[in-house]
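There are 4 protein chains.
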Amino acid sequence: MSRKSLYERLGGYDGITAFADDLMLRLQGDSRLGRFWQNRGDDGIAREKQLLIDYLCSSAGGPVYYTGRDMQASHKGMHISESDWAVFSIGFRVSLPARQ
Amino acid sequence: MSRKSLYERLGGYDGITAFADDLMLRLQGDSRLGRFWQNRGDDGIAREKQLLIDYLCSSAGGPVYYTGRDMQASHKGMHISESDWAVFSIGFRVSLPARQ
Amino acid sequence: MSRKSLYERLGGYDGITAFADDLMLRLQGDSRLGRFWQNRGDDGIAREKQLLIDYLCSSAGGPVYYTGRDMQASHKGMHISESDWAVFSIGFRVSLPARQ
Amino acid sequence: MSRKSLYERLGGYDGITAFADDLMLRLQGDSRLGRFWQNRGDDGIAREKQLLIDYLCSSAGGPVYYTGRDMQASHKGMHISESDWAVFSIGFRVSLPARQ
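Residue numbers (the working numbering), protein chains in the order written: chain R, 1 to 100; chain C, 1 to 100; chain X, 1 to 100; chain P, 1 to 100.
Derived from the structure by calculation, the hints contain no laboratory data.
In this text the structure is predicted, and so the values were computed from the model without any measurement.
Cβ atoms here follow ideal geometry from the backbone N, Cα and C, with glycine treated the same way.
Warning: the hint list may mix true and false statements.
Label-pair restraints from in silico Cβ distances [claimed, not checked]:
#	chain 1	residue 1	chain 2	residue 2	range
1	P	M78	R	Y65	31 to 41 angstroms
2	X	I90	P	L96	45 to 55 angstroms
3	X	G77	R	Q72	19 to 29 angstroms
4	P	F92	C	D84	16 to 26 angstroms
5	P	L25	R	Y66	15 to 25 angstroms
Listed next, the in silico EDC-like pairs over lysine to aspartate or glutamate satisfying Cα-Cα at most 20 angstroms (straight line) [said to hold, decoys possible]:
#	chain 1	residue 1	chain 2	residue 2
6	R	K4	R	D42
7	P	K76	X	D14
8	X	K76	P	D43
9	P	K4	P	D21
10	P	K4	P	D22
11	X	K4	X	D22
12	X	K49	P	D22
13	P	K76	X	D70
14	C	K4	C	D22
15	R	K4	P	D14
16	X	K76	P	D14
17	C	K76	R	D42
18	P	K49	X	D22
19	C	K76	R	D43
20	P	K76	P	D22
21	R	K4	R	D43
22	C	K4	R	D14
23	X	K49	X	D22
24	C	K76	R	D14
25	C	K49	R	D14
26	C	K4	C	D14
27	P	K49	X	D14
28	C	K49	R	D21
29	P	K49	P	D22
30	C	K4	C	D42
31	P	K4	R	D14
32	X	K49	P	D30
33	C	K4	X	D43
34	P	K4	P	D43
35	X	K76	P	E48
36	R	K76	C	D42
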């Protein structure tokens, strides 16, 4: 029985970062979801990706202290539809690496 | 000769906040500039407006410690065109209150 | 009957800033509480004072969007004693301006 | 000849985090430097350690976007003496893992 944390099984910080890179590119390039990252600056997008990495690492049991907003506060008012979530969910699973 | 700071002449914190409220509504409703605030969450927009208020107050000589990014870093990569700046500049002047 | 908000009755942003300036100087100079601000950098203290101003303005009904931590999170682990709170409470009331 | 980045040679994110954990405990327990972390809250210290990790990873060539203050701004006014730096420097080298 594995005693590894999900953080370790996803390849640790670098594995989760590679996942986040892949996921962000996939979502930004998606015709239905790309609108959420259009017309924004480089620094804002880089900060958001770093927060995503920190959130994922922290949630998966990694040694990261997440100081960003909670998910509800950060998404309120974005008018994310049910079908947006469905598309996101598929992209998330496609980008997710095989757990070790 | 006036010895008042620009901060005071613009009506202090509340005057500059009213200005920022008016300016943000004007820009968000503009057909050419509105894209910069579309598809974003309520909290992100509220934070951005607060940073605008803090930046304006601080720049005008008010008692505010601005801790946000500098203007170059925050706008890099947004692909703001010359005509975008021209439209912004007009909106800025229209929203600006008469200095006291 | 007054319909003014507490924010207005405390003199608005500038009144609350003057209050925070006075309070911080009083607490930093206090022989029992001064330890909380010793050995810290200028920028860290300036940021903390700005967060205090933002928190007070927001709590008093002013047009400020407070994005700092909640009071419980920011004070946990500081080992603030009952007598520390009593000293703080007196300083707070002494610095507080007469409400208009 | 090694083509590994310093980030990799220090053991990546987890190696640098273990280093930062060790260093922070060493400095906080030091009779001359411990004053810089006394009388502060848990959240503030956890945030500072995370910023240290992010800064080290980013400086060493790792995939981390550091959004904290620069070193000069964050240390100004702390009255760090020459001998403080000497003690820090020794602790830094003692905590630093052997590069791979």
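Hint check:
Against the hinted window of 31 to 41 angstroms, the Cβ-Cβ separation of P/M78 and R/Y65 comes to about 22 angstroms, which falls outside the hint. Checked against the given bound of 45 to 55 angstroms, the beta carbons of X/I90 and P/L96, roughly 48 angstroms apart, stay inside it. For X/G77 and R/Q72, the hinted distance range of 19 to 29 angstroms is satisfied, since their beta carbons lie about 26 angstroms from each other. In this structure the supplied range 16 to 26 angstroms is violated for P/F92 paired with C/D84, their Cβ-Cβ distance being about 47 angstroms.
Checking the proposed 15 to 25 angstroms range against P/L25 and R/Y66 shows it holds: the Cβ atoms sit about 22 angstroms from each other. Pair hint R/K4 plus R/D42 does not hold up; C-alpha atoms about 35 angstroms apart against a cutoff of 20 angstroms. Proposed proximity of P/K76 and X/D14 is contradicted: the alpha carbons are some 27 angstroms apart, above 20 angstroms. Note on X/K76 and P/D43: the hinted pairing holds, with a Cα-Cα distance of about 7 angstroms set against a maximum of 20 angstroms.
For the given pair, P/K4 sits about 23 angstroms from P/D21 by alpha-carbon distance, which is inconsistent with the 20 angstroms threshold. Between P/K4 and P/D22 the alpha-carbon distance is near 24 angstroms, which puts this suggested pair outside the 20 angstroms criterion. For the hint linking X/K4 to X/D22, the alpha-carbon distance of about 24 angstroms lies beyond 20 angstroms, and the restraint is violated. For the given pair, X/K49 sits about 31 angstroms from P/D22 by alpha-carbon distance, which is inconsistent with the 20 angstroms threshold.
Between P/K76 and X/D70 the CA atoms are separated by roughly 27 angstroms; this puts the pair beyond 20 angstroms, and the hint is violated. At roughly 24 angstroms between alpha-carbon atoms, C/K4 and C/D22 are farther apart than 20 angstroms, so this suggested pair is violated. About 14 angstroms separates the Cα atoms of R/K4 and P/D14, which keeps this hinted pair within 20 angstroms; it holds. Restraint check: the Cα-Cα separation between X/K76 and P/D14 comes to about 27 angstroms, which exceeds 20 angstroms; the hinted pair is violated.
The straight-line distance between the Cα atoms of C/K76 and R/D42 is roughly 6 angstroms, inside the 20 angstroms bound, and the hint therefore holds. In summary, the hint linking P/K49 to X/D22 is not supported, as the alpha carbons are separated by about 31 angstroms, beyond the 20 angstroms threshold. Proposed proximity of C/K76 and R/D43 is supported: the alpha carbons are some 7 angstroms apart, at most 20 angstroms. About 25 angstroms separates the Cα atoms of P/K76 and P/D22, which puts this hinted pair outside 20 angstroms; it is violated.
Note on R/K4 and R/D43: the hinted pairing is violated, with a Cα-Cα distance of about 34 angstroms set against a maximum of 20 angstroms. Distance hint between C/K4 and R/D14 is unfulfilled; the C-alpha atoms sit about 54 angstroms from each other, more than 20 angstroms. With a C-alpha separation of about 11 angstroms, the suggested pairing of X/K49 with X/D22 holds against the 20 angstroms cut-off. Under the criterion of a C-alpha separation no larger than 20 angstroms, the hint pairing C/K76 with R/D14 is inconsistent with the structure, at around 27 angstroms.
Only pairs whose Cα atoms come within 20 angstroms are accepted, and C/K49 paired with R/D14 is rejected, the gap being roughly 35 angstroms. Of the supplied pair hints, the one linking C/K4 and C/D14 holds, its CA atoms being roughly 16 angstroms apart against a limit of 20 angstroms. Annotation: proposed proximity of P/K49 to X/D14 is violated, straight-line Cα distance about 35 angstroms (limit 20 angstroms). The hinted pair formed by C/K49 and R/D21 fails the criterion: a straight-line CA distance of about 29 angstroms is larger than 20 angstroms.
For the hint linking P/K49 to P/D22, the alpha-carbon distance of about 11 angstroms falls within 20 angstroms, and the restraint holds. Restraint check for C/K4 and C/D42: the C-alpha separation of about 35 angstroms exceeds 20 angstroms, so the hint is violated. For the given pair, P/K4 sits about 14 angstroms from R/D14 by alpha-carbon distance, which is consistent with the 20 angstroms threshold. With a C-alpha separation of about 29 angstroms, the suggested pairing of X/K49 with P/D30 is violated against the 20 angstroms cut-off.
Restraint check for C/K4 and X/D43: not satisfied, since their Cα atoms lie roughly 27 angstroms apart, outside the 20 angstroms limit. About 34 angstroms separates the Cα atoms of P/K4 and P/D43, which puts this hinted pair outside 20 angstroms; it is violated. Proximity of X/K76 to P/E48 is assessed by CA-CA distance (about 15 angstroms); at most 20 angstroms being required, the pair is judged to hold. A threshold of 20 angstroms between alpha carbons decides the hint, and for R/K76 with C/D42 the separation of about 6 angstroms falls inside it, so the pair holds.
Of the numbered hints given earlier, the model fails hints 1, 4, 6, 7, 9, 10, 11, 12, 13, 14, 16, 18, 20, 21, 22, 24, 25, 27, 28, 30, 32, 33 and 34; all others are met.
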